[in-house]
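J.: Construct the complete structure from the given sequences, taking the supplied hints into account.
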Amino acid sequence: GNSVTQMEGPVTLSEEAFLTINCTYTATGYPSLFWYVQYPGEGLQLLLKATKADDKGSNKGFEATYRKETTSFHLEKGSVQVSDSAVYFCALSSSRNAGGTSYGKLTFGQGTILTVHP
Amino acid sequence: ETGVTQTPRHLVMGMTNKKSLKCEQHLGHNAMYWYKQSAKKPLELMFVYNFKEQTENNSVPSRFSPECPNSSHLFLHLHTLQPEDSALYLCASSLDRGAEAFFGQGTRLTVV
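Here the protein sequences come in this chain order: A and B.
Read in order, the letters of the first sequence correspond to residues 1 to 118 in this note's numbering.
Read in order, the letters of the second sequence correspond to residues 1001 to 1112 in this note's numbering.
It is worth saying that the hints were derived from the structure and are not from the lab.
C-beta atoms are modelled at their ideal positions from N, C-alpha and C, and glycine is treated no differently.
Among the hints, erroneous ones may be present.
[Claimed, not checked] FRET-style restraints, in silico, Cβ to Cβ:
{"no.": "1", "chain 1": "B", "residue 1": "P1008", "chain 2": "A", "residue 2": "Q45", "range": "19 to 27 Å"}
{"no.": "2", "chain 1": "A", "residue 1": "K60", "chain 2": "B", "residue 2": "S1059", "range": "30 to 38 Å"}
{"no.": "3", "chain 1": "B", "residue 1": "N1070", "chain 2": "A", "residue 2": "P40", "range": "28 to 36 Å"}
{"no.": "4", "chain 1": "A", "residue 1": "A17", "chain 2": "B", "residue 2": "S1059", "range": "38 to 46 Å"}
{"no.": "5", "chain 1": "A", "residue 1": "T71", "chain 2": "B", "residue 2": "T1055", "range": "21 to 29 Å"}
{"no.": "6", "chain 1": "A", "residue 1": "N22", "chain 2": "B", "residue 2": "H1077", "range": "35 to 43 Å"}
{"no.": "7", "chain 1": "A", "residue 1": "R67", "chain 2": "B", "residue 2": "F1051", "range": "31 to 39 Å"}
{"no.": "8", "chain 1": "A", "residue 1": "G78", "chain 2": "B", "residue 2": "P1061", "range": "25 to 33 Å"}
T.: In structure tokens, the structure reads:
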């Protein structure tokens, strides 16, 4: 079955530090990959996505590249801010089979807590 | 604002109570989901509805009863819950199953 593994947290950084949160996956079919962010007291919000190998998703200074050869989708940001403090979830969906019909569901990693200090 | 609205935001209920959680989306999505998020546990998918039909029930106890009267509304009926059911319950929708999901802000449930 599908699975997503994220690096253990919590991650604590100083403002303007470089961020990497590792994510690896196992999946059948042709998965799409996502990063979601959850701010305190809120639901999950889609941060970025990539739908095929070598695609790079980006948003709000965050980036992740779909690496099929290493089955990875690591999240990076060059300079974090205090406002980036949140929980980050990597997810995948085997949303389409070879015929293009959507059949899958989202599988989430366990989440990584990020705290950024001033 | 993601277009998925959950009510109430907070709920405290006794173990003998019956209550319902409501989720509404007007994004034109065909799939809707209930997730449970407990402290220090991964996000748990509870139920999936696709075109109003339940397509997945991940061994959820019968004290949780979902209802999807139309593709825009999803309910989770709760009765005789246990304290360990206290969690954040998240509703989500997507254009179709497996597509990117849009989440509501969740209902923080406390069972006393």
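J.: Would you say the C-beta atoms of N1070 (chain B) and P40 (chain A) sit inside 28 to 36 Å of each other?
T.: holds (33 Å)
J.: If I claimed the Cβ atoms of K60 (chain A) and S1059 (chain B) lie 30 to 38 Å apart, would that claim hold in this structure?
T.: About 37 Å separates the Cβ atoms of K60 (chain A) and S1059 (chain B), which means 30 to 38 Å holds.
J.: With 35 to 43 Å as the target window, see if N22 (chain A) and H1077 (chain B) comply at their CB atoms.
T.: Holds: the Cβ-Cβ distance is about 39 Å, inside 35 to 43 Å.
J.: Note whether the CB distance of A17 (chain A) and S1059 (chain B) lies within 38 to 46 Å or breaks it.
T.: holds (42 Å)
J.: Given the hint of 19 to 27 Å, is the C-beta distance from P1008 (chain B) to Q45 (chain A) inside that range or not?
T.: holds (21 Å)
J.: Is 21 to 29 Å right for how far apart the beta carbons of T71 (chain A) and T1055 (chain B) are?
T.: holds (27 Å)
J.: The hint says 25 to 33 Å between G78 (chain A) and P1061 (chain B); measuring C-beta to C-beta, is that right?
T.: The hinted range 25 to 33 Å is violated for G78 (chain A) and P1061 (chain B), with Cβ atoms some 46 Å apart.
J.: Please check whether R67 (chain A) and F1051 (chain B) have a Cβ separation lying inside 31 to 39 Å.
T.: holds (34 Å)
Checked against the numbered hints given earlier, this structure breaks only hint 8.
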